[in-house]
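2 protein chains.
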Amino acid sequence: MQLTPTSIIVLGLVERAGSATPYELKLAVAATVGNFWSIPHSQLYAEPERLARAGYLDEQRERSGRRRRTFALTDQGRQALETWRHEPVDGLPELRDLALLKLFFGADPRQVAPTQLAAHRAKLEAYEALAATDDGQGPRGGWLVLQAGIGHEREWVTFWERLAGPSADPMSRGV
Amino acid sequence: MQLTPTSIIVLGLVERAGSATPYELKLAVAATVGNFWSIPHSQLYAEPERLARAGYLDEQRERSGRRRRTFALTDQGRQALETWRHEPVDGLPELRDLALLKLFFGADPRQVAPTQLAAHRAKLEAYEALAATDDGQGPRGGWLVLQAGIGHEREWVTFWERLAGPSADPMSRGV
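Heads up: the protein sequence lines correspond to chains C and D, in order.
Each residue of the first sequence is one higher than the one before, starting from 1 at the first, in our numbering.
Each residue of the second sequence is one higher than the one before, starting from 176 at the first, in our numbering.
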């Protein structure tokens with residue numbers, strides 16, 4: 001099978017957790033990777049079983065009760081992750097920003113800005129609260145990504161504040 | 176039909192241009208909207224005909240030669256765009272950043288940073304060159320979006336410079 005970014009996310013999160021159910025994976029994505037890699041939930045649910053069939057994960061199913069499935073990494077899965085870590089990344093991030101699309105096609109900035117400002121402020125606060133809990137002991141990758149997120153959320157808050165403010169003059173070149 | 180962001184992009188770009196062929200739309204997306212709204216090319220190619228069948232665009236086909244199709248807005252299309260401009264935007268932008276995914280899952284920052292730094296520097300330069308040609312006369316939405324892009328590219332350049340630099344200590348909390 002072709003390993004997609006969704007495959008890597010599942011393998012990587014299972015590695016971090018030791019083992020995980022599909023529901024635990026969903027929660028882990030929402031709390032971490034989902035902030036910088038959007039995945040449709042349907043993809044995420046189908047992926048562990050695909051990876052198990054191809055030998056990258058080991059599946060255990062409860063014999064009774066809810067018969068939950070729990071997935072753990074195989075050696076093949078661990079090796080695939082390690083190979084992926086060393087593959088180069090070319091190209092820029094993909095963005096889908098509906099608010100910028102509105103501005104671009106002529107929506108009134110003062111109509112778009114307030115809800116965007118509130119959403120980005122809330123996200124910035126959440127990131128800053130998370131950063132405050134860091135004890136310097138966990139894996140540093142998560143810390144670096146969080147710093148990137150904080151930097152960009154500050155940038156968004158500044159941008160939308162200018163457009164939302166009572167003195168905002170969105171037609172000005174000075175914006 | 177359901178108007179998706181891809182529909183709106185086609186309608187909006189046709190409105191800006193007066194009329195456009197599918198090839199001209201592809202170029203316009205690459206030069207503008209594609210920077211903050213990723214669309215697969217296949218979607219973009221199929222969309223004008225869908226919109227024409229549903230009455231949002233008017234299609235003209237050359238009678239000879241390459242039989243190129245040219246699309247223009249109908250009143251229904253213009254009205255749909257105007258309605259969309261006033262619909263609120265909730266939620267945050269979606270991002271897909273493979274380089275952050277690498278950092279998060281433990282890739283060496285010094286391996287990831289150099290190509291990201293180069294790509295973001297090139298994009299920042301392109302945006303700044305575009306901003307320098309602005310005469311203050313065009314639609315302001317494009318100018319605002321360009322300012323957002325410049326702010327974020329500066330943020331990316333700063334972030335990756337720290338990780339790429341010879342004195343970079345990616346394990347430090349100070350990053």
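Read the hints as simulated data drawn from the structure, not as lab findings.
One should not assume that every hint holds.
Per label pair, the in silico range of CB-to-CB distance [said to hold, decoys possible]: (1) C:Ile150 / D:Tyr198: 36 to 46 Å; (2) D:Ala221 / C:His41: 23 to 33 Å; (3) C:Ala129 / D:Ala192: 41 to 51 Å; (4) C:Ala132 / D:Arg253: 12 to 22 Å.
Here are a few chain D residues that sit away from chain C, every Cβ distance over 10 Å (derived from the structure) [as the list claims (entries may be wrong)]: (5) Pro180; (6) Gln251; (7) Glu303.
For each residue, glycine too, the CB sits at the ideal point set by N, CA and C.
Practice task
Could you let me know if the closest chain C CB is still more than 10 Å away from the CB of Gln251 (chain D)?
Solution key: With a cut-off of 10 Å, Gln251 (chain D) remains clear of chain C, as the shortest Cβ separation is near 17 Å.
Problem - Pairwise beta carbon distance, Ile150 (chain C) to Tyr198 (chain D), judged against the given window 36 to 46 Å - result: Since the Cβ atoms of Ile150 (chain C) and Tyr198 (chain D) sit about 41 Å apart, the hinted range of 36 to 46 Å holds.
Exercise for the section: Take the C-beta atom of Ala221 (chain D) and the C-beta atom of His41 (chain C), compute their distance, and say whether it sits inside 23 to 33 Å. Expected result: 25 Å, holds
Handout entry: Non-interface claim for Pro180 (chain D), where every Cβ of chain C lies beyond 10 Å
Key = Answer for Pro180 (chain D): violated, closest chain C Cβ roughly 6 Å.
Handout entry: Ala132 (chain C) paired with Arg253 (chain D), Cβ distance criterion 12 to 22 Å
Key = For Ala132 (chain C) and Arg253 (chain D) the Cβ distance comes to about 50 Å; the hint is violated.
Exercise for the section: Hey, is Glu303 (chain D) genuinely clear of chain C, shortest beta carbon separation above 10 Å? Expected result: Nearest chain C Cβ is 14 Å from Glu303 (chain D), so the label holds.
Problem - CB-CB spacing for Ala192 (chain D) and Ala129 (chain C) relative to the 41 to 51 Å hint - result: 46 Å, holds
Of the numbered hints listed earlier, those contradicted by the structure are 4 and 5.
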